[in-house]
Every structure is written in C-alpha cells, then in structure tokens.
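Protein chains: 2
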Amino acid sequence: MQISASEDKIPVVGSTSTPQCNTEGLYFSDGRRKVDYVLVFHQRRHSSIRCPVGTSVSQDRLSIVSNGNFPQSVSSDAVAGRGGGMPGEEAANAGEVFMELGFAGGSEPTEPADHEMRLIRQEFEANLLEAGLEIERDKEVKAHGPSFTRLHAPWPVLCREAEFLKIKVPTKTSYELKEESGFGSSMSTIWRKLNQPFQPKVPHQDHERTKFLSHCFSRDKLHLYNITSKDTFFDNATRGRIVYEILRRTVCVRTCQTIGISTLIAKGVYDAAFPLHDGDYRVIGHLEERNDRQVLHEEWARYSAFYKYQPIDLVRKYFGEKIGLYFAWLGVYTQLLIPASIVGIIVFGYGVATVDTDIPSLEMCDERLNFTMCPLCDGACDFWQLSTACGTARASHLFDNPATVFFAIFMSLWAVLFLEHWKRRQISLSFSWDLTGIEEDEEHPRPRYETILLQKRQRKQKKKKNKKKNEPEKQEDGTVTGKDRWRQKLLSAMTAGIPTAIDKLTWKDRLPGYFINVSSILFMFGLTFSAVFGVIVYRITVSALMAMSPDPETKSNVRVTVTATAVIINLVVILILDEIYGAVAVWLTELEIPKTETNFEERLILKAFLLKFMNAYAPIFYVAFFKGRFAGRPGNYVYVFNDYRMEECAPGGCLIELCIQLSIIMLGKQLIQNNIFEIGIPKLKKLVRALKDKGSAETEKEEERPPQQWNLDHALAAFEGLTPEYMEMIIQFGFVSLFVASFPLAPLFALLNNVIEIRLDAKKFVTELRRPVAIRAKDIGIWYNILSGMGKFSVIINAFVISFTSDFIPRLVYQYTYSQTGTMHGFIDYTLSYFNVSNFKPGTAPQNSGDITVCRYKDYREPPWSPDAYQFSKQYWCVLAARLAFVILFQNLVMFLSLVVAWVIPDVPKTIMEQLKREKKLLVDVFLREEKEKFQLIQSLFAKDTTLQPGSHTLQPGQGPPIPGRYSTLPPGPTQAGDGGGGPRARCRAASFSQFTRKNPSTLPRNENENSRHTAV
Amino acid sequence: MQISASEDKIPVVGSTSTPQCNTEGLYFSDGRRKVDYVLVFHQRRHSSIRCPVGTSVSQDRLSIVSNGNFPQSVSSDAVAGRGGGMPGEEAANAGEVFMELGFAGGSEPTEPADHEMRLIRQEFEANLLEAGLEIERDKEVKAHGPSFTRLHAPWPVLCREAEFLKIKVPTKTSYELKEESGFGSSMSTIWRKLNQPFQPKVPHQDHERTKFLSHCFSRDKLHLYNITSKDTFFDNATRGRIVYEILRRTVCVRTCQTIGISTLIAKGVYDAAFPLHDGDYRVIGHLEERNDRQVLHEEWARYSAFYKYQPIDLVRKYFGEKIGLYFAWLGVYTQLLIPASIVGIIVFGYGVATVDTDIPSLEMCDERLNFTMCPLCDGACDFWQLSTACGTARASHLFDNPATVFFAIFMSLWAVLFLEHWKRRQISLSFSWDLTGIEEDEEHPRPRYETILLQKRQRKQKKKKNKKKNEPEKQEDGTVTGKDRWRQKLLSAMTAGIPTAIDKLTWKDRLPGYFINVSSILFMFGLTFSAVFGVIVYRITVSALMAMSPDPETKSNVRVTVTATAVIINLVVILILDEIYGAVAVWLTELEIPKTETNFEERLILKAFLLKFMNAYAPIFYVAFFKGRFAGRPGNYVYVFNDYRMEECAPGGCLIELCIQLSIIMLGKQLIQNNIFEIGIPKLKKLVRALKDKGSAETEKEEERPPQQWNLDHALAAFEGLTPEYMEMIIQFGFVSLFVASFPLAPLFALLNNVIEIRLDAKKFVTELRRPVAIRAKDIGIWYNILSGMGKFSVIINAFVISFTSDFIPRLVYQYTYSQTGTMHGFIDYTLSYFNVSNFKPGTAPQNSGDITVCRYKDYREPPWSPDAYQFSKQYWCVLAARLAFVILFQNLVMFLSLVVAWVIPDVPKTIMEQLKREKKLLVDVFLREEKEKFQLIQSLFAKDTTLQPGSHTLQPGQGPPIPGRYSTLPPGPTQAGDGGGGPRARCRAASFSQFTRKNPSTLPRNENENSRHTAV
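Line by line, the protein sequences give chains A and B. Take 1 as the starting number for the first sequence in the numbering used here and just add one per residue. Take 10001 as the starting number for the second sequence in the numbering used here and just add one per residue.
Any given hint could turn out to be false.
Derived DSSO-like pairs: lysine-lysine, alpha-carbon spacing no greater than 27 Å straight-line [claimed, not checked]:
hint: 1; chain 1: B; residue 1: Lys10423; chain 2: B; residue 2: Lys10910
hint: 2; chain 1: A; residue 1: Lys423; chain 2: B; residue 2: Lys10423
hint: 3; chain 1: A; residue 1: Lys595; chain 2: B; residue 2: Lys10423
Just the calculated beta-carbon pair ranges, DEER-fashion [claimed, not checked]:
hint: 4; chain 1: B; residue 1: Val10924; chain 2: A; residue 2: Val924; range: 24 to 32 Å
hint: 5; chain 1: A; residue 1: Thr817; chain 2: B; residue 2: Leu10667; range: 40 to 48 Å
hint: 6; chain 1: A; residue 1: Val908; chain 2: B; residue 2: Phe10515; range: 25 to 33 Å
hint: 7; chain 1: B; residue 1: Pro10724; chain 2: A; residue 2: Lys932; range: 38 to 46 Å
hint: 8; chain 1: A; residue 1: Leu671; chain 2: B; residue 2: Trp10507; range: 24 to 32 Å
hint: 9; chain 1: A; residue 1: Trp507; chain 2: B; residue 2: Glu10930; range: 34 to 42 Å
hint: 10; chain 1: A; residue 1: Leu671; chain 2: B; residue 2: Lys10932; range: 57 to 65 Å
hint: 11; chain 1: A; residue 1: Ile338; chain 2: B; residue 2: Trp10507; range: 24 to 32 Å
hint: 12; chain 1: A; residue 1: Ile338; chain 2: B; residue 2: Ile10342; range: 30 to 38 Å
hint: 13; chain 1: B; residue 1: Ala10113; chain 2: A; residue 2: Arg929; range: 36 to 44 Å
One side of the interface only, derived from the structure: several residues of chain B facing chain A at Cβ under 7 Å [as the list claims (entries may be wrong)]:
hint: 14; residue: Val10638
hint: 15; residue: Lys10874
hint: 16; residue: Trp10877
hint: 17; residue: Cys10878
hint: 18; residue: Leu10880
hint: 19; residue: Ala10881
hint: 20; residue: Leu10884
hint: 21; residue: Ala10885
hint: 22; residue: Ile10888
By construction, these hints were calculated from the structure, which means they are not laboratory data. Where is the CB? At the ideal position from N, CA and C, for every residue including glycine.
Start from the sequences, fold in the hints, and give me the full structure.
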C-alpha cells in the first residue's frame, strides 16, 4: 500500500546512536534532547491484519526526525494515497465533496478507518516538523499496544513561541526588596524564626530579598535575560506549554480538516497527549539532587507535612499557574478556617458553659412547672409532660444562644474577609508569577462544535446544490479552481474564524439543546424535592407507626430513631444524586454546544453547581425554614395523604434538628466522598488498569526493558480538570457560611477535612495523574463569583436562621416587653398556648385522657376563652415584627460592614504596589539609559562622519564602527521607501541627529552625570 | 547684575524673521512651528525697580531659542550668580545648608524674591531646552504684566515621548467592520436614517465602517503608521499632553529643588501654564474650514443643538479622554433619563386617572362619614372634620398609589441598568479611543506634600546637627564631597522616590490633620442636623402661633404657609451650606496632606460628597422617616421645649409632604445653582477681570497689536477639574433614585435640567475656559463607585418609603385580612383610633368642645373601652410585620433582579469582543508575516553565503544585500560579547538559520501559500 510507503519517506536525520537512555527516558535516545511532549496512539489488532507486517515493521523502526528538507512529495503522495484508500464511490465525486469527507468521518458514528488514522497522524506529524518540532518514534516493532511519538522543541522554536505567547522571563536587572527597619525588622525576623518549622524545605527559596525584573521574552533582547543554559532557561512546564501551543494550532488539512491535537484525540487518531513528569517521584539515591517531582512528593504530597505551608511557587513551576492558583486558594481558605474554628469552638464552649444557668432550659426541665402538652399524634399518643423533653432543650441551648448571633455576624464578615484576602493573595501571586497583563488566549472551537457546524454547512450546501441542479450548470470546467477556492476559504475560516457562508451556530441550532436543558434541570429539581418529600413521608409514617407500637422502648426512642435513619437516608440520596447530577450536567452542557473549552467549563460549572447545591441543601433548607410551620394546631392539624399529621419540631426548637441534619450531612459527605470516591475509586481503577495491562502484556511477552518515563506516565490517569476539586470545596464553603448560625463547629470540621484534602489532592497530582499541561490563569475565574454570591446569600440565610429558626428573638421580646421582672423567668409559659381538650376533632383525642381538660402547645395563639379563640395572638404579630426587623437590621448591618471591610482592605497590597512602581521606574530607567547611550553612540558616529564629509546629515550605515548588540532596535540600514514609511522615519532619525549633534560635546559629562543619577536609583 | 547677563547668553538660534504671525498666533513667529504650550509669568513692578532697565530690555527682546549647543557656562554662572545674589550670611555657611535654601523659600511665608524667580525660570527653561523643546519669548519690552513663554515640541521629541507614554496611534492596517446582513442590515439603515437629524455635523465621521488597527507608537515601526504629515500626525491635544508631560517631570535642581511645572506655579514662579485653543471659536469666514473649536461651538456648545447627540469623539480629541468621558457619561445618563421620565409620567398619569375612583380618598372627602378628628394643637385648636382635608388626600393619591411600588422597583432596576449600560459604553469608548491597556501614570507628589516633607527633614537634620555639635567634628575637609553626596542623594530621591533618611510622611505627621478632619466633619454634621431641627422648630412655633391667631383666614392657611416657608428656608440653608461645605472640604483635604493629586482628588470627592449629601438629604430624610412618628397620641403628646407639640403629618399621609419637600429642593437647587452659580458668577468674574485688565492696560498704553491667541486664552478662566460638575450630577442622581417612590416626576425634571446642563457645560469648556491639558483616563474613577453605592442605598430607602411612608401596606393588609367585602370600603375608619375626650390632660382640651365625647386620630391603638386602652393594637403589630416583610421582600427581590440584570448584560459588548479578537488576529498575522518574510530573507542570504563559503553557519553582516527597513528589529551586526548577552543570541540566530536552511527551497511556494492564507484573513 502506498500509505506506509509514504510514511517511510520521512528521512531519518540526526543521530542514530544506540538507544541507551540516561536519566530514565526523559530524553531522546541521543541523551541530549529533552522529551517535551508525548503523543500516544494504539496500534489496533485489526490494523495489523489489514497491513502487511513488513511495512509495519519498517515504519516503526527507530526514526528520529529532525527538521530538514521535508520532501514536497509527501503531501501530494498522502493525498493520492488517501484517494486510493478511499471507497471508489466517494473518490469519484472528488470535486466539491472532497473536503467534506474528513469532517464527515468525525460526525459519523463510525470512526475513520485505521489506515485513514495513520494518514492523519502522518500529516499531522509532518506539520509538526514543519513548525520546528523534532520527533522521535518508538524503536521496537509493535503490532499493537500503545505507540509513543515523542516531541522535542529546540531552542529556536522555544524562543519563537515564547515571544509569541508573551511569556515573561526574568531579566538580569534585579533589585533588593525593601528590608524593614527597626521594630518591624526584628518583628519579621522573629516571625520568620517562628515560622521556620512550618516552611517546606524547598531549594532556591533563599534569594527572597532580591527580585528579578521580568519582561516579556523577545529574541531581540536576549542580552537582557539571565540565560545560563539554553536547556534549562525555560523550565519543563513552560516547554510543555509551548509544545502544547504548537500542537493546539497545528492544522491537519489534507486528510482531516481539523485543528489541533484535542480534536484528533476526540476523533481517536491519538489516544493521549501529555508532557512528561520530571522523573520518578520516589527518591532512590542521594537526597541532594532531587527533581521537582521528588521535592513536591517529599515536602508537599504527604500527610506528615500537613502542618507545613505549601511550596506554592514550586507547585506553580511544576504544574502551571492554574493548578498553582487552586492550591494557593485552598491554602488561604484552610488558613482562614483556623480563626473561624477557634471562634466556633469558643461559641460552642459558651453554650456548654451556660447550659446550667440558662433559665428557659431550666424551666423546661423543671418538673414542678408541670406543663401538660398536647399529644404528638392522633389517637395513639398520650398527653405528655414538657419536662421529659429536658434533654433536647439542653442540647438545643448549646447551639441556640446569644453567642450564635455574634458568630453569625462574625462568619459573614469572615466570608468577606476571606474573599478580600484571597483577592490580595491572588494579586500578590500574579505579581510574583509575572501574570500581570497577560491576555486571554485565543481559543479554537471545541471538536463537537466544529462537527455540528460542519453538518450544518453540509446541509446548507446540499440545499444549494439541489437548487443548482435545477438550474442549468455551465461552468463545469471551473470545478478545480472552485474547489481550490472553497478549500482556501475553509482554511482561512478555520484558522482565523472569519465568516464564510455559515460562521457560527445560532440560537436556532441550540434551541433543542436549551429546551432539553431547561426541562432536565426542572426535572432534576423536581427529583430533589421529591427525594426530600419522600424522606419527610418516611419520617411521618415511621414515627406514626412506631408511636402505635405497644412496646414502650420503641415509643420512647421514636424521635431519635426516626431522625437518625431519615438523615442517613438523606445522605445516601444526596451522595447518589450528586454523582448522577455531575454526569447529567456534562451531558446537558454538551447539548448546548458551547463554542470554546472555557465556555463549556463555565456553563458546566454553573449547571453542576446549581444542581449539586440544590441537592445538598434542599433537606437542610426544609428543616431550617419549613419544618413544623405547616403542622397546624391542636384540633386543626394539617394532614398528608389524609392520614398522617405533618411533623413538628422538637420541643427544644427546630435549631437542634437543623444542627443534627447539617452536621451529619456535612461530615458524611466529606468522609465518604474523600475516602471512597477520592481514594478508593482511583485505586480500584488503577487495579483494573493494571490487570488489563498485565493481561495484554502476557500475551505480548515482549516487555523486557525497564519501562520508560512515557510508559510510566501513560499508565497514570489523565488529568480531568479542577472542576470537581473546586466544586467539593465550594459546597463545603456553603456548609461553613450558609447555616453557620446553627452549627458553630462547622468551620472546625471543614478545617480538619481540608488539612487532609490538600495533601490528598497533592498526592493525586504528584503520583497518580499524568502531568497536566501548564495553563496560565490569572485568577480562579467563575469560582470567585460563586464564592462571593454564596457569601452574600449566607447573610440573608443566617439572618433568617437566627430570627426564625432559633428562639433568640422571642426571648428578646419576652425579656424586654412582657417579662415582669426583666428576667427570662416565665418564658416557657409565654411560648405555650392553651388548648381546650374538648375541641379535639372526634377520634383524634387520646384514648385515656384522664381528667386533663386543657393542654399546652407551642404557638402564639389566643386561649380558648378569648373571643377569637385559637387565632394568632398579639404576641404572635409582635414577635413576627421583631423577627422581621431583626432580619432587616442584620442583613443591612452585615452588608454595610462587608462593604466597609472590602473598602478598607485595598485590593492590591501596599508592598506589591510599591514594587510595581519600582519595577516600572527600573524599566523606564533602562529605557532612558539605552536611549542616552544610543544617542551618544550616534553622536560619536556622526562626529566621525562629519570629519569625513562635512555637511552631510544622513548617517551612512556600515561606515561607522560596529554597533554593539544591545542597540539592536537601531535600524540596520537605509529604509526602503517602498512602503512610504521609511521616509518620515529616516527624517526623524536625521532630526534627532541634528538635535543632538548641535549640542556642544562639552555637555557630555553632564549627560553622564544624569546617567549615573538614573543608575543610582 | 550677573543674573540677567547669564540669561542673555542663551543664543538666538533659528529664524529671526519678522514677527508677522499667520493663523492668529498659533505658531511661532516663523509661522511654521506650532505653539504647543504657553507659560505665563508676571513681571512685577518692584522687580523693575531692583534691576536696571537696560538689562530688562535686553533680556526681553525676541529670543527664539532652539535646541543647540547650550552653553555649559549657564549652569555654573547661574549657580555663581545665585551665590552672589544671596545675602551674605546665608552664602557663608554654604556647606550642607546650601540645598536647603531653595526649599526653605517655598516653605517660608514670603515668596522667593523676584530675581530668584527669574533664576528659577531661567534654569527651568534651560532644562526644557535640554529636553528637546523649542522656546519662543515675547518680543516686546514689558516692564510688568503677563509675559508669555511659548513652547514647541519638534517631531523627534514628539516621537520620543509618544513612545515613552505608550500613546496608541492608528496603523495603516485597517479592517472593515462587519456589516449586518439581511434583516439586521435594513433595520440599522432605517435606524441610521431616523437618527440622521440627531447626529451632529462633524467632519470625518463617515469612515465608520473601517477601523484602523492601533498600536503603541514606536520609532522602530514608523513604517507601520499612517503618517501623512509630521505636523498633524499628533493632534493638538496630544501635543499639549506630551509637552505637559515634559513640563511635569523637568527638574529644577540648582536654584529650587523641585520637580515639575505645577510646583513652580504653586511657588509663584509662573502664573499659569496651558496649551492653546485651536483658534477663535467664532466662525468668521467661510464654513468649510472650521477648526475643531469652531465645530464644537457650532455643533455642540449651543442650546439649539439640545436634541442632538454629542460629538463625543471630537470632544475627546479636543479636550482629552477625561473630559470626553465626563460628557459621554452625562450623555448616557441623560439618554437613559428619557425612558425613566416616560414611565414616571405614566405612573403620575395613572394617579391622576384613578384619583376619582380611589375609595380611601373618596371616603376621606365624604362628609357623610363624619369623622370628628382630635384637635391639631392644644387648647387653641378645635375638633375638626376629616372631610376638610379632602384636598391633601386627593393630592396624596397622585403619588401614593400602587403604581408607585412598580415605579420604585422599575427605578431600582433602572439604576442598575444605567450603571451596566455605562460600563459597556465606557468599554466601547476605551476601545475606540485606544485606551485598552493603558497604565496609571506615575505621579509626583503635590507641592504641599513636598514642602511639609522638607520641613520634617530639616527638623530632623537640625536635631542631628545639634547632636553632632556636641560630638567632636573631625571630617571637616569632607564637606564638599559630603555636600555633593547629599545633593545626589536628594536628587535621586526626588526623581525616583527612593528613600533617603525620611522618605514619606507617616500617620504621625498627619495625626493633627486627621483629628481636625474628624472633628470638623462631625461638627458639620451637627450643623446640618441643627439646621434641620431649626426648621422643625420654626414650623412648630409658627404653626402654633398662627393657630392661635384669631383671623380664620390665617388659620385655614396654616399648613400651606408653614410648609412653603419652611421648605424655602430649607432650600436657602442647603444652598448656603453647600458652598461652605465645598470650601471646607478642600481645606480639610489639604490638612490631610495627601501625597499625589489623584489621592487628593479622591479624598476631596469623598469628603465633599459626604457633606453635600448629608446637607441635601437630611431634611428629606426627616420628612420621610421621622416626621409624625414622635408626635405621641392624644392625651399623651410629645412636647418640644415643654410647650410645643411635635408636628404631625398631614391627614393624607406623609408622602405628600415628602413629595413637596423633594420637588422644591430639587427644582430650586437645580435652577439656582445652574443659573446663578454656573452662569452668573463666571460672567461676573469675567467682568471683574476685564475691568481690572482695562485698568492696567490704560496705565500701560501699549496694547496696539491685535491680541494673540495666548493673550486671548490667558484672559479665560483656568480649568479647575471636573469634580463640581460630577458632584452636581451625583446629587441629582440621588434625587432621581433615592426617593423616587415618592416623586415619580423627578426623572422628568432631571432630564430637563440635564439637557440644558450638557450645553451649558459645553459652552463653558469651549468658550470660557482655557484649554485643559488632555488627560488620559479609562474610566470615571471613584464616581462610578459612588453611583453604584447610591444605587444600592436607593433600594433600601425606597423599600422603607413605600412600606413606612406611604399607605400602601396598610391598604393591602386591610384589603386582604380585615375587609369584610374584599374592597377598600371602610379603610379610613380602620386607620383611625378612638380617643375619649375626657382623657385629655387638663388645659389641652379644646375650649369649646360642645357635646363631643369621642374624637378620632390616625393610629392603630386600642380604643378607650379596651382593657389596655391606648396601647398599640393587634392591627398595629400586624401592619408593622407586613411593612417589615415588604421591606425584606422588596430589598431582596430588587437586589436579586439587579444581580440578574448585571449578570445577563455582559460588561464587554459582543461587537467589541469580536473586534478585539479580530484586531488580535490581525496583529498576530502581521507578526507572522514579518516573521516568515524575515526567515525567507535570511534564507536567501544564507543561500548566497553558502555558495561563497560552504559550511559557514554564521552570517557575515554587510555581505548580503541591504536589508529592507521594515526588518529593523533584526540585529544589525555581530553582537558584542561584552555583556554576555550576545552569545546566546548569536547562537539562537545561527540555530534558526540552520533550521531554515536545511529545508529544501522547493517548499517555499507552500510557505507563500500559507502566507496568502494569512493575508486573506
């Protein structure tokens, strides 16, 4: 076949030395060129059946391909070969349909045939060569299994791309960071000493006092940069990013009209593409020369380092800014949880300490007060004494006390502080990581978007064709040029996004997607609510059944049993739905056909957040705001299914139930998701993969060599984005902020979780995932907005929890308006209304009521002897007004304080501001100095010139002495007048000459004086 | 004296042609060089006494000084001359004290002597020459009166500074803006046609469909820009800005250690510095060749153009971005007031239409219902019938109806929409004005800050000296070098802000300022409140006195008279305090010693805003939320000064009073401030100035020549910043947003005011002010925050106005809970409580009560026959709860809607986003093309090279053909290895050669193919 023959034609340039690899396969077989990226594809079995074994062997022999004269014949051959490999009927109408085929392959359910894939790979890799990359292929003959194509970016390519990507690199110019003097200095020394044990042992962190000025890389200014070795000037992450950038934009037009590696992976042409890790993460030999991965593993990705700061700079260096920002964010969050936890513990401690002096709970426990309460269920239940609920009342006080109000305000401000602090930290990081002023990278459309767009185009073209067929066709000889024009148009459209006929999908194309989206989300909301309702029904029915049971043991444990089981059911439902919703969100977002990856991510995040948030918080919201509010009153209860009374809150208030619900869901979710989903499932997957590989390896029986780094990395799991990590933390942030008024220990549990979470994630990134491509990002994106929205939402939620769920407001109202003595004595009596037993509906009264005529229930209603009995009393309205006023007060106070806090804390830290100013000044300085020296030089040139030919005002280049390299921005020769721009430019130069040469040379010393002033800066 | 002699030494270079000036004095006397900036100083009379007349004449003869060999002797002479002109005692201890003198001159109450000023001017202008500017002085002999120093920036200086300031200029590369197709296109054509009469007739606005790519100016890339003429490439505003930039940073070290023109103006060395207007604003001759100022005057700065759009681009071109943004903002605000006004009129119309069917007001007017109301004052007043208050009830309905609630929500969303719309407009403008990515300019400290800092330094140094004196001094011979070191240190500190001993003022220095600040602001708050309280007392006493008057005419007009007079008093107080507070704010901000001008402005704005806001709104807040709430109840009234009952609201509700208050203050403030302060006072000032000038001119008797442009401009008032303009609008925005629920016509009045305001401001800028320096700004700064904060505040204020001031909630509550029929019948009865006349305190009952036993009053209290008589009733609490619930609902609903609106409207308009993307692509394209061509060129060079000496891999420059000018970034020769940077660079180049030369030349056609692809983009 022609295909493999053409692949053979790629000449083997470069060293064909023995494939002994040093440093564990991080280099090409010549041991010098670093492997910057690896492309993996599988030779499939059926392909080896199709192709003769001989060609397969010759094709897979070691072929290091460097840039060289790439034979022109390849492309034409490839096209021809493709035409030959095609089914005859399609090759026949090669005219306008020609370019559609490659696309159609992607959109059709069947993948392109294997030989077609090989052709695509062949073209793609040829284009990579053309872009300047160097390629090495596997030496061994492999009939199937993964094959590796290793890429190396040589220095010129790195330079070109770094300039193109505006990568900032350190220059030689450095400056000392200001040392604090006096008291501040000694304080910071002490602080540093105290902090020492918490600092990770990372090399090269001691030159913290000097900062190198960074500048966008430019090949014209190489003399400015601190280049010690061209191999290490760009670190591995940057190299990987550069190669990825080339891979991303390399087109593949002849065989498969696509752009970029991700489309090829989506089409199955390649299986994977990843940069290599820096080597093994286990330290085998001596400790001195640890690679970055080993350092990270030792100092960061282990549980025993939990008390240490994270080596964020190293994380960023190794994994790129996006992942670095995630861990920095997680670190800031965890750090700020410490004060929140401490305050939470103190608040809880206050509750514990005051539980024995709290009058309402003492009154509730006091048997002498003898409150006879109305029965909790119809018929089967009896009247009961309030003092039997003493336990819950006391427990309730632990969480429902005045300190909680303070804590709610504190936590709202804490959330604002956290966000502000993070903003500052982000700016500091983006300053020290040289991210200031980076722009969003232009993104190519997602493969799916392209496919759908193409389908649309095809449909439209077919329509047009059908129209044309009806008309008499005349320009038949124009097909070839027409085809060329078509292709060029398409190419330009693909590479630059300029509109051809159909340039984008409109809302019409997306309408079905949106429709399914909205209905699915509504459906899932319904699902969540029905799950909550199901648990309510479970609770009602089971407690009714248990209450009817004759066993007194069962009866007494009704509440505990039912609550515990119901919460566990809730938890399980949440966990299951969480996973389902995650998958559904991806599916729904695909349906929307977002254009770019960023777009996709944002929509996915929003959807997933909405669904998961609803899922996690719906039961909690129910308990906090709805439970017990629709129970009705004695004699007029509300029934579900005509038979079961709606549930009421515990006698101690709903807050304690909210607290139980919250703590169990939070803890359960964290424990289970952390342990099972994050540790267990990856382990399981690894096991499965290992077993599978083993199976295939056994049949192969050719794995003698020690595995290369790319084999090792290929065996790891692919990196799948940070969304799940962030999502987990955001939901947790909700637990910490939204209902914190009811559970002051939430920050503590979150802190404990996060300390583990950091190391767990770190372990995963260092040891279990392929190295992700280093992605630049200057912030955490949409997550910040979600966090900030959540912070705002938490204010109103906490206001409502305090005023409606807790007993704080009724107590205040009682103490300051109704209480005779100004104390809380009599509060319980005040909260209980009277009910005349004779008003029970028939059949609902307790069977053995005895001589009780009046029972009490918790509500503010008129007593039976009032003219409007059982109506809401004046107290009810009074308390309600107080509750509402509190909400307004709390919300606006906290919002105002938040604004003040956000306003007082400047977004940009003062030190950073000063450094920025200094850097700017230094840059200006460098600029001015170059300017001055340039003029001086020209002047000296001109002086020479005039001595030769006086009166001439234009500089004749090449006549003067050689110009030093640093004035490379100087024009090298007379400008061509062809474009009209050279004229003024030359004139400008001449003018500046005349300006400076007119000056007496005796002023030069003064210039130098000024110069030294600048350098003294 | 030596001084003037040294001034003489500046040689007269350039043309000494006759001083006939063409184009009305916009040029130097050679008629070619544009006057870019004018410095004005006054020759004072006493100076002519000091100096001999002869020198003064010779010094002031026409001296055009261009850049040339500036004599070295000047500086040394000047220093010597200064030493000579100094009092002996000071010159004696010239050692370390030397440099302090210049400073001390500024800090001492007396200004530096006139000859010293001349020295300073002399040095400053010499430094300007050195910076490349060209200078022309007045020809005439002038013993006193203003003298003008005119500056011109030649092309090389413009180039240098434009590069330095990163001024973006249009390149030759342009692209067509996307034309909408199909329906959208025809729509936009219709829209454009409809809009035609509203468009100002401004030339050069028709090429709207093409946009030129802009790029930071760089002398290396002159061929990229569209330079037709070097004189007009930079417009006048830009030239002025460039010269200002030079003036701002030019130092004056020998005579007066300062930086920049503003300090010199502050010290009185110069009187003024301004760029010139473009000529007269009156069109005298033919219309075709109007200058920009004339166009602006014709098309913008006249009332008859009120219906037109503003020529914002021209405004920006003429006045710079900052002023352009102000007018753009004002335009957007005014435009958006149109829909608000329309909705406001509709809402008001709804009130008018429904006033005859509104049951509560009908009931109030119904005499048959016969509500006997309790007397309005003690003793003197009688019981009265509610139906007599029919008028206010009907008027009240005009503003207090359900539509108002809708309007309040509408206006809150309107405010958000306005801000979002402005954000978009701002981004559009900053895109089309090429402001994207501009950085904040580095600012020098304000003169006052420098002075205070110097005083501090001096104090510290004196202390040191005193210390030193106690120690034995040894290094006496080191004084000279020590002095030099000192000076250099100071210089470097001044130019670069790097710390010397004392580098900044700390909070300790500012403590007294802060203290005075806080106490003054508190005092002024107190003043405002006492003014409000004074008016209250006036109202109470006058109405009490009038009620006691025997004249029934007086009695019946009590309310109208008192309200009207009180509001007018309020208005007058507000207007007076407004002016006082404006001045006090400036004074207080000076006391804080802010470091930079921006800093100063921000603090001033905040303070002035706070004070003026309090001032304007305190009486309105009182009426809205406090009036009538502390009046007590019959039998238990609240008294002020033990004698006067607190005032109550009118029977129709407080809303009508709020409405009156609001409308009178708003209208009065606008009318008076617009007419008197903005038109009258400047006219008056001009008159005074003209009279003064006339007086001095008469004594001179030498003004024969027609006045030059600089004379004309000098006669105008100086530009004093935009703060007052913004402030006025922001306060107005408060009227429109804060209490809009009570006065739906506010937007209409604001609209009418603004239509005039725009033209008034425009007139002022075009005809009455000196041309301001064009200042770059990418947004309106702190005003946006104030607006946004006001928008947020308005939500809660409107919520409270609707729920507490208006009767909306009580009506709702009545209709849905108490009304038997579900209608409003009986509402008036429901709102009135009963009072038993026998419960009046002795002496407070009306004298002639007749047979009335029970009177009614507006409140929700228990009737006299209830067990807890006169306590708040259940209705009270119920209504209160409803009111509070409404506040919560309203606030959160509106906040949520605002968030949604802000989220739905993207900050960056889609078209701009697309254009940005296209521009970026074009830039990349240009980059890639240059890259490719460069390589091709090198390749061809190399091909030649290898034929000469095969195997050589380094390019020998000078051997190849001349390199075209556009590859000026190419290194011109072998790099010097001196700085270590040339090495890798040369290597990099060599590598790229080898990479590209290895490629077969036969691939070149394909390269070109790709190239054409890029150009097709």
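Worksheet item: Are there hints from earlier that the structure breaks, and if so, what are their numbers?
Response: Going through the list in order, the structure violates hints 8, 12 and 14 and respects the others.
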